[in-house]
Every structure is written in C-alpha cells, then in structure tokens.
Amino acid sequence: MSSNLRTLCTICGAGKNTDFFKFDWKTQQWNLLVAGGAIIGGWIASNYLTIDPSVLIHEDTIAKLNQLNIKSAGTAYLPEELFGMDHFLEPKIFASLALGGLLVGFGARYAGGCTSGHAISGLSNLQLVSLYAVIGFFVGGLLMNHFLLPFIL
Amino acid sequence: MFKSEAASWFRIYEMFQFKSFHMYGIIGSALAIGVVMIQLIKRYQLKSAYGEPIVIPDKAKSFYRYSIGGTIFGLGWGLSGACPGPIFTLLGAGFLPIMVVLVFAVAGTWVYGLLMDKLPH
Numbered sequence: 018m019s020s021n022l023r024t025l026c027t028i029c030g031a032g033k034n035t036d037f038f039k040f041d042w043k044t045q046q047w048n049l050l051v052a053g054g055a056i057i058g059g060w061i062a063s064n065y066l067t068i069d070p071s072v073l074i075h076e077d078t079i080a081k082l083n084q085l086n087i088k089s090a091g092t093a094y095l096p097e098e099l100f101g102m103d104h105f106l107e108p109k110i111f112a113s114l115a116l117g118g119l120l121v122g123f124g125a126r127y128a129g130g131c132t133s134g135h136a137i138s139g140l141s142n143l144q145l146v147s148l149y150a151v152i153g154f155f156v157g158g159l160l161m162n163h164f165l166l167p168f169i170l
Numbered sequence: 245m246f247k248s249e250a251a252s253w254f255r256i257y258e259m260f261q262f263k264s265f266h267m268y269g270i271i272g273s274a275l276a277i278g279v280v281m282i283q284l285i286k287r288y289q290l291k292s293a294y295g296e297p298i299v300i301p302d303k304a305k306s307f308y309r310y311s312i313g314g315t316i317f318g319l320g321w322g323l324s325g326a327c328p329g330p331i332f333t334l335l336g337a338g339f340l341p342i343m344v345v346l347v348f349a350v351a352g353t354w355v356y357g358l359l360m361d362k363l364p365h
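Residue numbers (our numbering), protein chains in the order written: chain A, 18 to 170; chain B, 245 to 365.
Chain B extracted, bound-state conformation (with noise of 0.2 angstroms):
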C-alpha cells in the first residue's frame, strides 16, 4: 500500500484529475488478478489452508444503498486522500495526523449505525 503510493493524498488528487494511468494501474491489474483467481476458486472448489471450502457470498442486491454510500464515500475519500486501508498503512509509517481521519472515520460508522433504519436501502 504504502510503496504503490494508494496510500498517498498526492496520487488520490493526480487520479481524480485523470493525470496518470498510475493508481488506474494498481486498481486494474488487482481486479485482473482478483477476477481470475477468483473463476479459479469457483470452478475448481477450491479450498482454504485450513481445509474449509471457500465460500463468497454475493452481496445483496439493491440500489440506493450503494450509490448513495458509494458518493458520501468518494466525497470523503477526495477529501482526505485516504480509504481505510491506507488509513491504518499511513498510522504504521508514521503519520500520527492520520489519526484525525481514522478517529472520525470510526465516528463516521457510528453515526451511520445509529441513522441506517432511516436511510434509504
């Protein structure tokens, strides 16, 4: 995360700017990975270290709760530079400020558990 530079604020800009092919690059070629790894583990029933068959759920269809989401998401994703993933890579390469964003993301889900039966799914 933090040597592919997703972690870093700079890229997140460049990307919304359509200036380099860079994180398109990392997003792309894991989705290349991801797609046929996981055909892979579909057709051969693949099982896990532990012996477990591996099972991935389909996620629950419906329309609003991804979209809108998804938007609030972006938004705060444009501001601060950050998913949560890199959020916790930027707190381990030291960043301590970080801790700002990751504190309120935590608030964020909270406020977001307490509201969800109002929103619309």
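Next comes chain A alone, as it looks inside the complex (with noise of 0.2 angstroms):
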C-alpha cells in the first residue's frame, strides 16, 4: 500500500528532479485501484454497513485515554480529540497529524513495505527481512505509545 504513496509523489511530478520518482507510474495502476477500493470500501462500509461506528476497546484503555484527555474512547470510531472538523485545524492538532503521517511516509518506503508489505505480505512470503521491518514497527509504535504520546497528547 505504501508504493502508493510513492507514486502519487509521481504523478505530482517528483520525478523530475528525483531519480526515485522517475518511473512510469501507469504500471502502477492496479495499485492505485486498490487504494481507490480501499476508499470506497470505507465509504460502503461506513455509509451503509455499519450502524454504531463506536469502537469498544478494553476498559483500562479507556481509562488511560480518559487520562490523557481523551474523552472520546469507547464513544468514536476516531478520537474526536484529534480528527473532529473543530479540532484538526488546531495549531498543536494539525501539527501532530502532520508528523504522524510525516514519519509513515518517510518510514514505510525507507523500509520498503509497510503493515501490508511486510507484515502481512513480506511474512506471509517467510521473508527474514520482513520480520526486521516488522520488529522496527512495533519498537517505534510503543515508544510512540508509552513513552511520547503522554507528551504530545
């Protein structure tokens, strides 16, 4: 999923100045056919499939996000904390976003793969190298979790 992204940099024209860019993003048309499956999946599924969209997660998690002054646990399918329309436009919000895609952008295709490329896909494959991937994901997200989200949040 994450070749995507590397190839909507493409058809914006990073290709002209990036060796990395330079290829002929029609070959990744089947690709970006999933990725505008995967939208109106979302949007079938959320429309028309689903009546509460409330995500029930454990009890303790709530609590800790009840903490973190995430009220919206439990509630939501997103935090409206960080992705309501009143809230996103927020300086601190908006900049937090921002990062987290930031990082998923520069990390994933530095790593070759995301989730789907090798968590699934890469060790699906019994590929070693995904496994390293997979390990680095899950280093990074609970930092992310325990020891910098209480700061950023």
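Calculated directly from the structure, the hints in this document are not laboratory data. Here the structure is a predicted model, which means the values were calculated and not measured. Watch out, some of these pointers could steer you wrong.
[What the hints assert, rightly or not] Computed footprint of chain A on chain B; a stretch qualifies when at least three of its residues, placed anywhere within it, have a C-beta under 8 angstroms from a C-beta of chain A:
{"no.": "1", "segment": "288–297"}
{"no.": "2", "segment": "313–327"}
{"no.": "3", "segment": "337–349"}
[To be verified] Here are the simulated distance ranges between beta carbons:
{"no.": "4", "chain 1": "A", "residue 1": "A80", "chain 2": "B", "residue 2": "L284", "range": "41 to 47 angstroms"}
{"no.": "5", "chain 1": "B", "residue 1": "E296", "chain 2": "A", "residue 2": "N86", "range": "37 to 43 angstroms"}
{"no.": "6", "chain 1": "A", "residue 1": "T92", "chain 2": "B", "residue 2": "L284", "range": "38 to 44 angstroms"}
{"no.": "7", "chain 1": "B", "residue 1": "S292", "chain 2": "A", "residue 2": "L165", "range": "42 to 48 angstroms"}
{"no.": "8", "chain 1": "A", "residue 1": "I68", "chain 2": "B", "residue 2": "M343", "range": "22 to 28 angstroms"}
{"no.": "9", "chain 1": "A", "residue 1": "I68", "chain 2": "B", "residue 2": "L358", "range": "28 to 34 angstroms"}
{"no.": "10", "chain 1": "B", "residue 1": "D302", "chain 2": "A", "residue 2": "C29", "range": "28 to 34 angstroms"}
{"no.": "11", "chain 1": "B", "residue 1": "A304", "chain 2": "A", "residue 2": "I28", "range": "21 to 27 angstroms"}
{"no.": "12", "chain 1": "A", "residue 1": "I61", "chain 2": "B", "residue 2": "G269", "range": "19 to 25 angstroms"}
{"no.": "13", "chain 1": "B", "residue 1": "Y288", "chain 2": "A", "residue 2": "L165", "range": "43 to 49 angstroms"}
{"no.": "14", "chain 1": "B", "residue 1": "Y268", "chain 2": "A", "residue 2": "L106", "range": "30 to 36 angstroms"}
Idealized CB from N, CA, C, for every residue including glycine.
Using the supplied hints, reconstruct the complex from the two chains, each of which is provided in its own coordinate frame.
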C-alpha cells in the first residue's frame, strides 16, 4: 500500500528532479485501483454497513485515554480530539497529524513497505527482512505509545 | 478494513497497550491464510486470472533500511493510528481530517526520495 504514496509523488512530478520517482506510474495503476477500492470500501462500510461506529476497546485503555484527555474513547471510531472537524486545525493537533503522516510516509518507503507489505505479504512469504521491519514497526509504535504520546497529547 | 476496526486509532492504541487480542487476531489470521496460500501458489505453480505465472520476488537482503525505516514508520503509526491502507479507507468513510495525514505521508515519501542516497541501507 505504501508504494501508492511513491506513485502519488511521481504523478505530482517528483520524478523531474529525483531518480526514486522516475518511473512510469501507469505500471502502478493496479495498485492505485486497490487504494481506490479502499476508499470505496470505507464509504460503503461506514454509510451502509454500520449502525454504531463506536470502537469498544478495553476499559483499561478507555481509562488510560481519559487520563490523557481523550474522552471520546469507546464512543467513536476515531478520537474526536484529534480528528474532529472542530479540532484538527488547532496548531498542536494539526502538527501531530502532520508529523504522524510524515513519519509513516518516510518510514514506509525507507523500509520498503508498511504493514501490508511486510507484516502480511512479507512474512507470509517467509521473508526474514520483513521480520526486521515488523520488529521495527513495533519498537517505533511502542516508543510512541508509551513514552511520547503522553507528552504530545 | 473499516469493519474490522483496523482503521481505528483507538484499536492501534489498544494494540500497543497489549490490552486486547483484536489487532493480533486480524494480523495473525491474515498471516495464517497468507502463508498457506503462498505455499499453494508456489507448490502448484498457480497462474493468475490472465493465465500468467504468479511470481513473488524475494525482498532485497539488508538490515538497516528495514530496522531503521520500520522504527520510523512505527513512530508514525503509533501517533496517527493509521497505515497507508487505513488512510484511504478513512478518507472514504468521510473522516476528512485524515487528508492531513495523507498529504504529509506523501510529503514524507518525497523527503525520503530526496535523502535516500545519504541514508544507510
């Protein structure tokens, strides 16, 4: 899935100056279709297949998030405090979303794949390097979750 | 992606807190099926719908790019609660602020492209 991020860069013209983006993006049309499908799937699922979108996570996690001032835990699909239309433009929130995106985009292409490419496809194909990537994903995620988010939120 | 709640920031948070089997169940069952299917494809040399042989190339052998890149990705995953797939799903589901994450993810990829020759691989 993360290759689509690279393809999007190429479509925007990044290939003019940077070799990494110099390729015929039309060969990646199949992959863009998958992303398009994910968009359609999300639309169908949320509008037609879901009565109550609240995500019922563990009560300990709800309590922990409440302590971090995320009160929408257990009653919403995404935290209102980060993704709500009246919050996401607040400088600190916007910066958090932007930083999250930057790290995902940079890290996924550096690692040559994201969870679908390594944790699922790579490990299914018994690729040792995908295990390195997945361990990396978890180290990064745990660091963020346990040590950094309490300061950011 | 949406119905399994894999696209939910809350589930990713919960996963890194080890408070539920949920996300591990999703990834684990996908892996179980994936391993079996790939073995079947390889052993019986199954062909695609177009009649072409299915070739799954091995990934380039290395250590640094996977471990460093993976950790950076993980930091972003823990913060935004979304990988590339869920970003598209959430867009379709109408969570427009995810566009911030998407635009910056594309930007992050671009930055990688600019810096890649200077990074350990």
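Evaluation of the provided hints:
no.	hint	verdict
1	288–297	violated (count 0)
2	313–327	holds (count 15)
3	337–349	holds (count 12)
4	A:A80 <-> B:L284: 41 to 47 angstroms	holds, 45 angstroms
5	B:E296 <-> A:N86: 37 to 43 angstroms	violated, 53 angstroms
6	A:T92 <-> B:L284: 38 to 44 angstroms	holds, 43 angstroms
7	B:S292 <-> A:L165: 42 to 48 angstroms	holds, 43 angstroms
8	A:I68 <-> B:M343: 22 to 28 angstroms	holds, 26 angstroms
9	A:I68 <-> B:L358: 28 to 34 angstroms	violated, 46 angstroms
10	B:D302 <-> A:C29: 28 to 34 angstroms	holds, 31 angstroms
11	B:A304 <-> A:I28: 21 to 27 angstroms	holds, 25 angstroms
12	A:I61 <-> B:G269: 19 to 25 angstroms	holds, 23 angstroms
13	B:Y288 <-> A:L165: 43 to 49 angstroms	holds, 47 angstroms
14	B:Y268 <-> A:L106: 30 to 36 angstroms	holds, 35 angstroms
Against the hints set out earlier in the document, violations occur for numbers 1, 5 and 9.
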